[in-house]
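*Asks:* So the chains spell out like this:
2 protein chains.
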Amino acid sequence: MLPFSSLIIINRKVGTPVYLQVANQLITLIRKGNIQPGSKLPASREMAEILQLHRKTVVAAYDELVSQDWAQTNPRRGITVSNELPLTKPRNFNTSSQAIGYSSKKSPGISSFPDILTSVPSGQRFRLSINDGYPDHRIAPTELLLREYKSLIIQSKRKKFSGAADPAGIYSLREVLAGFVSETRGLRLSAANVMITRGAQMSIYLASQLLVKPGSVVLAGDPNYHLADVTFKTSGARLVRVPVDENGMDIDWVSNYCSKQRPDLIYIIPHHHHPTTVTLTAARRMALLNLVVKYQIPVIEDDYDFDFHYSSSPILPLASSDHDGLVIYIGSLTKSLSPGFRVGYMIGAESFIQNASKFRRLIDIRGDHVLEEALAYLFEKGDMQRHLKKSVKLYHQRRDVFAALLTSMLGDRISFKTPSGGLAFWVRFAKQFPLPEISSLAAVAGLQMSDGLYYNSEKTNYNGLRMGFASMNEKEMRESMGIVQHILYQFKPAQVLRK
Amino acid sequence: MLPFSSLIIINRKVGTPVYLQVANQLITLIRKGNIQPGSKLPASREMAEILQLHRKTVVAAYDELVSQDWAQTNPRRGITVSNELPLTKPRNFNTSSQAIGYSSKKSPGISSFPDILTSVPSGQRFRLSINDGYPDHRIAPTELLLREYKSLIIQSKRKKFSGAADPAGIYSLREVLAGFVSETRGLRLSAANVMITRGAQMSIYLASQLLVKPGSVVLAGDPNYHLADVTFKTSGARLVRVPVDENGMDIDWVSNYCSKQRPDLIYIIPHHHHPTTVTLTAARRMALLNLVVKYQIPVIEDDYDFDFHYSSSPILPLASSDHDGLVIYIGSLTKSLSPGFRVGYMIGAESFIQNASKFRRLIDIRGDHVLEEALAYLFEKGDMQRHLKKSVKLYHQRRDVFAALLTSMLGDRISFKTPSGGLAFWVRFAKQFPLPEISSLAAVAGLQMSDGLYYNSEKTNYNGLRMGFASMNEKEMRESMGIVQHILYQFKPAQVLRK
Numbered sequence: 001m002l003p004f005s006s007l008i009i010i011n012r013k014v015g016t017p018v019y020l021q022v023a024n025q026l027i028t029l030i031r032k033g034n035i036q037p038g039s040k041l042p043a044s045r046e047m048a049e050i051l052q053l054h055r056k057t058v059v060a061a062y063d064e065l066v067s068q069d070w071a072q073t074n075p076r077r078g079i080t081v082s083n084e085l086p087l088t089k090p091r092n093f094n095t096s097s098q099a100i101g102y103s104s105k106k107s108p109g110i111s112s113f114p115d116i117l118t119s120v121p122s123g124q125r126f127r128l129s130i131n132d133g134y135p136d137h138r139i140a141p142t143e144l145l146l147r148e149y150k151s152l153i154i155q156s157k158r159k160k161f162s163g164a165a166d167p168a169g170i171y172s173l174r175e176v177l178a179g180f181v182s183e184t185r186g187l188r189l190s191a192a193n194v195m196i197t198r199g200a201q202m203s204i205y206l207a208s209q210l211l212v213k214p215g216s217v218v219l220a221g222d223p224n225y226h227l228a229d230v231t232f233k234t235s236g237a238r239l240v241r242v243p244v245d246e247n248g249m250d251i252d253w254v255s256n257y258c259s260k261q262r263p264d265l266i267y268i269i270p271h272h273h274h275p276t277t278v279t280l281t282a283a284r285r286m287a288l289l290n291l292v293v294k295y296q297i298p299v300i301e302d303d304y305d306f307d308f309h310y311s312s313s314p315i316l317p318l319a320s321s322d323h324d325g326l327v328i329y330i331g332s333l334t335k336s337l338s339p340g341f342r343v344g345y346m347i348g349a350e351s352f353i354q355n356a357s358k359f360r361r362l363i364d365i366r367g368d369h370v371l372e373e374a375l376a377y378l379f380e381k382g383d384m385q386r387h388l389k390k391s392v393k394l395y396h397q398r399r400d401v402f403a404a405l406l407t408s409m410l411g412d413r414i415s416f417k418t419p420s421g422g423l424a425f426w427v428r429f430a431k432q433f434p435l436p437e438i439s440s441l442a443a444v445a446g447l448q449m450s451d452g453l454y455y456n457s458e459k460t461n462y463n464g465l466r467m468g469f470a471s472m473n474e475k476e477m478r479e480s481m482g483i484v485q486h487i488l489y490q491f492k493p494a495q496v497l498r499k
Numbered sequence: 001m002l003p004f005s006s007l008i009i010i011n012r013k014v015g016t017p018v019y020l021q022v023a024n025q026l027i028t029l030i031r032k033g034n035i036q037p038g039s040k041l042p043a044s045r046e047m048a049e050i051l052q053l054h055r056k057t058v059v060a061a062y063d064e065l066v067s068q069d070w071a072q073t074n075p076r077r078g079i080t081v082s083n084e085l086p087l088t089k090p091r092n093f094n095t096s097s098q099a100i101g102y103s104s105k106k107s108p109g110i111s112s113f114p115d116i117l118t119s120v121p122s123g124q125r126f127r128l129s130i131n132d133g134y135p136d137h138r139i140a141p142t143e144l145l146l147r148e149y150k151s152l153i154i155q156s157k158r159k160k161f162s163g164a165a166d167p168a169g170i171y172s173l174r175e176v177l178a179g180f181v182s183e184t185r186g187l188r189l190s191a192a193n194v195m196i197t198r199g200a201q202m203s204i205y206l207a208s209q210l211l212v213k214p215g216s217v218v219l220a221g222d223p224n225y226h227l228a229d230v231t232f233k234t235s236g237a238r239l240v241r242v243p244v245d246e247n248g249m250d251i252d253w254v255s256n257y258c259s260k261q262r263p264d265l266i267y268i269i270p271h272h273h274h275p276t277t278v279t280l281t282a283a284r285r286m287a288l289l290n291l292v293v294k295y296q297i298p299v300i301e302d303d304y305d306f307d308f309h310y311s312s313s314p315i316l317p318l319a320s321s322d323h324d325g326l327v328i329y330i331g332s333l334t335k336s337l338s339p340g341f342r343v344g345y346m347i348g349a350e351s352f353i354q355n356a357s358k359f360r361r362l363i364d365i366r367g368d369h370v371l372e373e374a375l376a377y378l379f380e381k382g383d384m385q386r387h388l389k390k391s392v393k394l395y396h397q398r399r400d401v402f403a404a405l406l407t408s409m410l411g412d413r414i415s416f417k418t419p420s421g422g423l424a425f426w427v428r429f430a431k432q433f434p435l436p437e438i439s440s441l442a443a444v445a446g447l448q449m450s451d452g453l454y455y456n457s458e459k460t461n462y463n464g465l466r467m468g469f470a471s472m473n474e475k476e477m478r479e480s481m482g483i484v485q486h487i488l489y490q491f492k493p494a495q496v497l498r499k
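If you're matching them up, the sequences are chains A and B in order.
With the numbering used here, letter number 370 in the first sequence gets 370, and the count goes up by one each step, no holes.
With the numbering used here, letter number 196 in the second sequence gets 196, and the count goes up by one each step, no holes.
Keep in mind that the hints are not guaranteed to be accurate.
If chains are identical, the list can't say which one is meant, so a pair holds when it fits in one copy or spans any two.
Simulated pairs of lysine to aspartate or glutamate, EDC-like, Cα-Cα distance not exceeding 20 angstroms [stated by the list, open to error]:
#, residue 1, residue 2
1, Lys157, Asp383
2, Lys150, Glu373
3, Lys393, Asp69
4, Lys390, Asp69
5, Lys150, Asp383
Hint data in this document are derived by calculation from the structure and do not stem from the laboratory.
This is chain A alone, in the form it adopts within the complex (with noise of 0.2 angstroms):
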């Protein structure tokens, strides 16, 4: 017999089942070959014996290989193993060649994606990070959503699901959400308007591909989202860039461009916009609204942030007013949990909606029904609205505290306008603190931050990042402020040397 007690060795402090860890390790010795296809196994009273385990353990054990179908009970022969193994091994084809697969890093018969694309972050683990303007994720109502996915899950394995899903979403939260927006924001409509996403970047995408066509002009703002650029740009768009400033999109300049020449579309980000945090005045929304309806320019409106102000009310988006259905309006649920949860919103005409609901099929079949429905149920709880609030009320301060900490801190070396809203602020370094050096400095602290060149448009080096403060208690804010702080003043002599 097989010397067992030193073949198959128990471990009490993991989390697998003690009659798992038998069952896995005796497959094992199947598999190898160390145990042979026909041959017996010790009876379950002797094999505990062997093992120094209760003998329903190794009956468990022993139930989990025939469960497999790895071993067979018999009545006279007690257990043996399998003479046909379960696990059909693959035949193989190719008898000539020697296989290399992927071993070359480079695919010669496959040409690189063109170099319009962002950079893809880097694994490397910090112990501390200024983010572009993340939730704190350890506030997040994630104790409560796994409740109701879970009874969710439970329910739904004693009932049979009817197999098509609807890719525009589960209906009780395009319900739920129709009737959020319609409070919160001012928008009239119906659960037909609306469909969920995986988070504003796949409503952007979505949008992008239905309204943009090779050659299509875009109006963007200088800066812009990073990512929205260059989904348009993928989708073959011209983009024609739009001062911005302390008030927004410069639509005076829009109003000249559009009376020489009628634009495809306009993507605004109305609330705190990416990068700069600024929001649109309400006079200027209302003349953009008369542009839109004027020249019928479809508006992509990404209102990812409206869910966070502080200091002054929002203002209701251009969607609130008559467009004849020309603005198509995203929103983010992302912000309100943690960044791990991809849920967001598109909402539009209904046509619109349902074209955009066949494309998502293309991409990605449909979302996670089930996450959708738990999130509908704290919704309708009243779960969502109360995290809601009591995220604003200590962003609000952690907003107020990265303030003064910015002024006494870093001084004159930078310049920054607190935001009404929204989870980040726009900071500018003087010019003698290139970001790229000050950021490769930061890393090497341990601080992870922005190098500012995602930020720059094709025109302007802002030297500018975004600094997010909502995921950051007081204690981290000092820590990584401390970082930058002491990296600017240690700058200076280090420039003055090189000279």
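Dock chain B against chain A, hints included.
*Replies:* Just chain B, lined up with the frame of chain A:
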């Protein structure tokens, strides 16, 4: 004082805690104006008596109001409703026009998307459903997955996540899948060759966006997986149809084509071709691989069904041989879990995976990394492998039952071959039973089944559909089949009458 005892109603049967019910209803009264800003609320002891609740419950409700800024506590005055209500009402910018928004169904300025898209499934609910080949969500290891998920969420709340996340997916799952794929499919690869997607469809979409340009020639089967066809067409491909017989795609035909013109891409489904369920033979794989390397043609190998084999063992994929990095290999975990959990993977040369990851950011930023990490644990513990084995055993039985029922109940009115693997039969109905009519009649009887149009090519009306057997137990199979049988046996006289 307001008649709180009649205004605030407690329902002990719902999940919401009583203190929250009290707080929510007080908030509603404040918002409606029934309770005025600045007014005093009854002391907790008094309110507890009015509502017949424990005083601590009322204190908790009041704490909730204060934490949400709806009320303040004041050492002398007790609890008073805030003067400035925390709900910042959005400002209207538009005083002149009457809002209409999305009430109109059409958006005149937005042209609709080209009509190459498949229909969106209707929201109708059915008692029974014959799907396309879904797994049975009732046997999915969802409890295990949720347990891991929850413990990861709890861990994550204790630490600060690094902000940036890799759109290629969480590293641990990429690593685990590299091992799984190498063990089961003989591919030689590392984690850098693997990216996580939301399922096979997202993989097809990303590969198509990177490999297909307007005018590119794509070889695909006739018939072929409909959504892949649409995806390639959306990228501007010209589809060239390759005949498919019982041994899979006709590779002699491909060879003949290539000798005249080099196609830009070949799309194959090597196991259980969609819709016909045939498997590409070893000899044809060999021949195809030679063509691919000779002419340097990129291939998408969509092996979504590899893990489900019953009567014969699978054949290794093209990707397991030396292919100069030309083969993009696509796999799915959705089929092993439940249609709701959309997780799949794509394998390719490192440079290809990097580009595909960049593109993925545009459509979806990234996946649910907590779910991905939870799945990695299930693989590491062997739970996924165990679940797969059990599913294969169950689906093997179900396939045999389904085949027997098809023969005994529908007889010569249909034709089919029992597939060696996968989750569906390809069943063609005799010409005198047109599927659009059969499926309408089935819908009336409460059975959802395809009208077959989805599986047709431009050239051929197959009058066939995929009948997924894996998600049905024997009772459900008998009921569904009974409905189809009844329709087929009633159908003939009706046709005669019409003449």
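*Asks:* Taking the hints in turn, state whether each one holds.
*Replies:* Hint check:
no., hint, result
1, Lys157 to Asp383, "between (26 angstroms within a copy, 19 angstroms between copies)"
2, Lys150 to Glu373, "both (11 angstroms within a copy, 18 angstroms between copies)"
3, Lys393 to Asp69, "between (58 angstroms within a copy, 8 angstroms between copies)"
4, Lys390 to Asp69, "between (54 angstroms within a copy, 9 angstroms between copies)"
5, Lys150 to Asp383, "both (17 angstroms within a copy, 19 angstroms between copies)"
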